[in-house]
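> Please model the entire structure based on the sequences and the hints provided.
Chains as they are written, first to last, in the UniProt record's numbering: chain A, 1 to 415; chain B, 1 to 415; chain C, 1 to 415; chain D, 1 to 415.
Simulated from the structure, these hints should not be mistaken for lab results. Because the structure is a prediction, the values reported are computed rather than measured. Every residue, glycine too, gets a C-beta built ideally from N, C-alpha and C. Among the hints, a few may not be true.
Said to hold, decoys possible - The calculated label-pair distances, taken between Cβ atoms and stated as ranges, are:
no.	chain 1	residue 1	chain 2	residue 2	range
1	A	98	D	214	23 to 33 Å
2	D	337	A	158	48 to 58 Å
3	A	42	B	287	58 to 68 Å
4	D	106	A	219	19 to 29 Å
5	D	43	B	277	25 to 35 Å
6	D	264	B	273	27 to 37 Å
7	D	43	B	273	52 to 62 Å
8	A	98	D	106	23 to 33 Å
9	D	264	A	2	18 to 28 Å
10	A	235	D	292	51 to 61 Å
11	B	287	A	265	49 to 59 Å
Number of protein chains: 4
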Amino acid sequence: MRMPGRHFLFVPGPTNVPDRVMRSMVIAMEDHRSSRFPELTRGLFPDLMKIYGCRNGEAYIFPSTGTGAWEAALTNTLSPGDKVLAPRFGQFSHLWIDMMQRLGLDVEVLETEWGEGAPEERIEAALRADKDHKIKGVMVVHNETATGVTSDLAGVRKAMDAARHPALLYVDAVSSLGSIEFKMTDWGVDLAVAGSQKGLMLPAGLGIVCASAKALETMKTAKCTRVFFDFADMKRANADGYFPYTPALPLLYGLRESLNLLLHEEGLDNVYARHTRLAEGVREAVDAWGLVTCCRDPRWYSNTVTAVMVPQGINGAHVIDVAFRRYNLALGAGLSKMAGKLFRIGHLGDLNELMLLGALGGVEMAMADVGIPVEAGSGVAAAQTHWRKTDTVVKRKVARSEVVYASHSTGSINT
Amino acid sequence: MRMPGRHFLFVPGPTNVPDRVMRSMVIAMEDHRSSRFPELTRGLFPDLMKIYGCRNGEAYIFPSTGTGAWEAALTNTLSPGDKVLAPRFGQFSHLWIDMMQRLGLDVEVLETEWGEGAPEERIEAALRADKDHKIKGVMVVHNETATGVTSDLAGVRKAMDAARHPALLYVDAVSSLGSIEFKMTDWGVDLAVAGSQKGLMLPAGLGIVCASAKALETMKTAKCTRVFFDFADMKRANADGYFPYTPALPLLYGLRESLNLLLHEEGLDNVYARHTRLAEGVREAVDAWGLVTCCRDPRWYSNTVTAVMVPQGINGAHVIDVAFRRYNLALGAGLSKMAGKLFRIGHLGDLNELMLLGALGGVEMAMADVGIPVEAGSGVAAAQTHWRKTDTVVKRKVARSEVVYASHSTGSINT
Amino acid sequence: MRMPGRHFLFVPGPTNVPDRVMRSMVIAMEDHRSSRFPELTRGLFPDLMKIYGCRNGEAYIFPSTGTGAWEAALTNTLSPGDKVLAPRFGQFSHLWIDMMQRLGLDVEVLETEWGEGAPEERIEAALRADKDHKIKGVMVVHNETATGVTSDLAGVRKAMDAARHPALLYVDAVSSLGSIEFKMTDWGVDLAVAGSQKGLMLPAGLGIVCASAKALETMKTAKCTRVFFDFADMKRANADGYFPYTPALPLLYGLRESLNLLLHEEGLDNVYARHTRLAEGVREAVDAWGLVTCCRDPRWYSNTVTAVMVPQGINGAHVIDVAFRRYNLALGAGLSKMAGKLFRIGHLGDLNELMLLGALGGVEMAMADVGIPVEAGSGVAAAQTHWRKTDTVVKRKVARSEVVYASHSTGSINT
Amino acid sequence: MRMPGRHFLFVPGPTNVPDRVMRSMVIAMEDHRSSRFPELTRGLFPDLMKIYGCRNGEAYIFPSTGTGAWEAALTNTLSPGDKVLAPRFGQFSHLWIDMMQRLGLDVEVLETEWGEGAPEERIEAALRADKDHKIKGVMVVHNETATGVTSDLAGVRKAMDAARHPALLYVDAVSSLGSIEFKMTDWGVDLAVAGSQKGLMLPAGLGIVCASAKALETMKTAKCTRVFFDFADMKRANADGYFPYTPALPLLYGLRESLNLLLHEEGLDNVYARHTRLAEGVREAVDAWGLVTCCRDPRWYSNTVTAVMVPQGINGAHVIDVAFRRYNLALGAGLSKMAGKLFRIGHLGDLNELMLLGALGGVEMAMADVGIPVEAGSGVAAAQTHWRKTDTVVKRKVARSEVVYASHSTGSINT
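Now the structure itself:
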């Protein structure tokens, strides 16, 4: 049966596509080899670099996904048998490690508690121990979507520098880029991987990689097999504004519009501040419910996804299922070893307070339905209180509204 | 500056257009005189009749609005100088009366408290007093959008029958049709006026009138001037599946889809039950806030719009302005003599619990911001509690979900 | 059965909606009373005035059609019994006269051959004969869509001035505005009526009227009944950027985009030149087919629609039907006294050479199918030849292309 | 400057997206892990199998392109060092061979004249010579987009069978699938590669592979590196209606609609017959121009793309550039060794006679502009004549139209 009203999509990706971006993708097809096509393409790369905070390097756009971009980052810069260092602290770091192994890399896994971030000290120790620099890469998932944990990349870089180790720093920025501050050059990130369907507010279908100048150097010697994901083909075609194969046109036009929104309208600093403030409200709600997040330490709190631990005796999947079927609300599931133990609220992309209030209200109803003792409205109230307290523009707005608000109270209004 | 996230539209019209209806309007233009065009047109009229609950009469679709449909209903069935009886109990009954007067009708106005519905006893009395049946029409706004009051049309019909008076019953169903039960034939309504932008979940641009067989008879003698709004031209062209002038094609295709949703997917009874249940939750919230509605008597509670009286010393327009500018939430203003005294929450069309929770949460924040002492989350909690209590399908759903919900907890999930 | 490929829409309205305009109408609903809404509205009116060439007056936008705009122009400026002068030379002048009569005006009809334009001399004579200035308006259809005839409005104005007659000049600009030059102020036009679905490249649903300052004066004394179409209500609401009733939002956003295209991108002079050149090509094709147009004198050739007379013994409707069913091509029919005698090719709006070549090719096939002896490709060739000859930018383009065209011949192209 | 009117897209991909398919992609995002999602996914695979004519095997959908699907087909079934046999007769066979080599395969290239198809005799000879069956695969581009040549796959299969050789048959069906008859099982094709942007009438963004049961067996021993493109991950996730990583949702919904159009509305046989008939018309036009196609033998004529050789002294790129800049017409360029020698007219996907007449007319104008002596209208006339002659439904349609066509000639039509 039809479920009326708007679906509340609160998985940590794909995220809601803003109407303007949606509209921008309703395009007629065109020749991607035409003399006019580069007008579109050329503007995308420098703006992507801004999103990455990359001042020296190159970005590539593959008609693919984040998983494909993972593969591109690895195969273009490493050779089979190369040693890499990778902490595992959630499903996505796990899956990336799995890919590394299947690509023939020799992965030194740092097993880390799920709920913690990349362990800087252990990374430093491992690098210091690697006297002859066999480790070619340190692989960090910036925002572990499975646990709601954001690693401290500046800290990781500091650890690598302290160890004076030349390994490249590979980062999965899939669920952070465009939502959480990302400073590729400042943090010395060498390869950063993203997808279109998270902070970039697009459907899935683009796998994006940014490579530092240092990373691009390693391409020359990297022997992993790559054809579809070869940076060199991309680089050559991109130089003239083209792609080596037919690009996913609607997504490129959508990317143009989402970059406009992020960079030229809302502004990246405002985007980051919004994600921070909204996430804080969600965490206040979790606290008001008497529950805890999977993330154990505030220094790792994710501002794009919150994983909420359910009480003993409750299956988190039940909350998710009731939310989905009864309240038209999509939440993220606990994955792998977290299956059943938690549910996840994604709060990234094109989002505002009221959308989240609706979602938190829905979570409360679903939790009550499955037997979690939670006071109705308690989380909603906590989030409201936080957001009202932190609305720094309130004063200016109220002042202005004093002047304007009478404009609504007209009496000559027809049907 | 760009306001991120989805706009919360809670004015009592225009309402949210469902994605499917939006999609259905993205069409190439075509010849509205073609031999194929009637395939679209012909299906619309019988389905509109079902929405009206009309078993004997005709519906007309004007490229216009509810105001235009008002004019069509009046000019096709009345002559200048004709006497009509019209209770005035809100801005929309007021404006319709204003139109009647400007069209040269002699309106006997029954002044009624704003917040009450059509006064059946006084209507009956006026009709009884009209011994020689000079009154040609009784004009009732079914759902007075300005005050959140739904008149009792069955009661009005009973009053008319009790007075054994032959006047036609004219009804403004603009903010009720497709949301609240409407029984044109059973209630003996002769002319019922609607617009596309409320329960039909479309943009504005169609003015719709349904006329009973009795009303169609009066066309022959009605002398009010009409050309654009002439039923006769419509009737003649519609008979072959055409329109007398170029129709608003996207809206006709959108109407096809919204009729599908209302009649053939959700089902009218479910639509009405949903509006009732959602409205009850809103009223529980108002009660929890310690506030009252403009509607004074539960028998007139509107299930499509709730007008909330603000406390002394507060301007309702201030709440609306803060909600709009700070929280991306559109509320309805107090109109005319109600200006500043209330704000209105529209809850009709394509709506569900979580959308309303977001809106109620936003109302709470805006009220707090302008100094109305309201406990954070209190209204939200009251609505949640009501909706959980009244979700009749809960048991079935939970039972089914037991079987299914494990399907979410898979561990092999990539980016 | 599905007809594959793009439909060729060559009726003289509705016209093809450009993709960009189509996209601009895919919008979420919003409160048309909000403090933000006037940002949209306010820009529309001055741009509409530019399309009209009106430097002193006001434009109104009704959620309606051209027929509604006809009614608005008449009822706001005339009183029942007023005398007006109206040449009848096609179906649309006929229908407008019919409306005038139904509105109670006293119409002096100047019967004119279908295929000719407004007869300036007879208009002048009738005005001179009207010594005491009983004639309040002269009613001229600028572009008679039924016959492909464009009247000479400057000539009509000259005739009125020569007669020193104060009557207002009313013009139906439905199928000319935005396609053919229109100089409202220079030509002394007082009321000019248009619809959204022709040169403005939108779906039907907006009736537009522009009124001169002189016309606005007459509003005060005009006694025709009007409510929905009352200029005064519009004027009052528009002053603040609002409308007296719910506007057709998608069409307003679409209008914004189409005005951008016409005024700010292609430029009105280029739009007019394009329509002229395309129409000339069509007339060359008709000539090459050995057929004649309904328009008898080149001074009246329409640049938006060409009505092609079919030979004796052929029913024009047969051509149209075959074109529609077999070739996915919509042509305009002969109307009323022209029924069967002709078919019409609309060539207005968002159109270019190749679209017209496809249509002319389709017309040739349909004509051959029904037995009109026409040489295959002859009309297409004539149009091609004309367009190549008159492409004034050829030289510049070729010169530039010399430099650029190698960019297509790359060898490193994948799937 | 804006180019008015519809763009004529006649490159051999991407092709025009039908309005209905375009509409179907305007969707809100959703959780691709939800319990509802498989309803969409599950229907796609069996319908894709029908398009392939595959009765025993599996289809996979990658968020990628045809190039990615090439890679998937190769890496899932072959090991580095494996020998394969590949005729090279155009740019796309060349590029596929380049990929094979970069993936570490040992390619025995059969150099073939560009303009010819896969050489069955030489394939048979090479296979017969391979006594110990070192050749693991025969690689054939079904429709060589660069030259307008369609290889005879049934003939290739016959050659393989005659040689009693067990190699797998790999086919690039990118520019044939969904337009030209494809009989995977009957022809014994083992791997067939396609993209979304050709016969499937979608934007680029999906790489599709169909594998025979025999091909799926080889997966177990194939040692080429693959992760993103691994069939096994797809197979496992697809079994439950999911994907191993976030799918490109709009394209999946678009695929649903395009499969509906191809299979359930027009019908595959009608689709193939339409492509054949349209292509014949194009070839008649080329002949009328006095030019020749790149394809040397009628047995290899492609029904999706025609490569037209330009006369000595003319650069084909010049024709393309003039067509694009002056007439809003996109043609395909000559690639690699054919650069400058030809231009290509794509005629696949959602296409009809009039679209092609417009394109042929545009080609004539562009050729004349650059100095190719071609009689105006000659190609258009030849195509018209062919299409009129071969319209097998003419008689039925005319008969029916006799009855109906009067319905257009009504006289009561307003604006």
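> When the structure is checked against the list of hints, which entries are broken? Sort them ascending.
7, 10, 11
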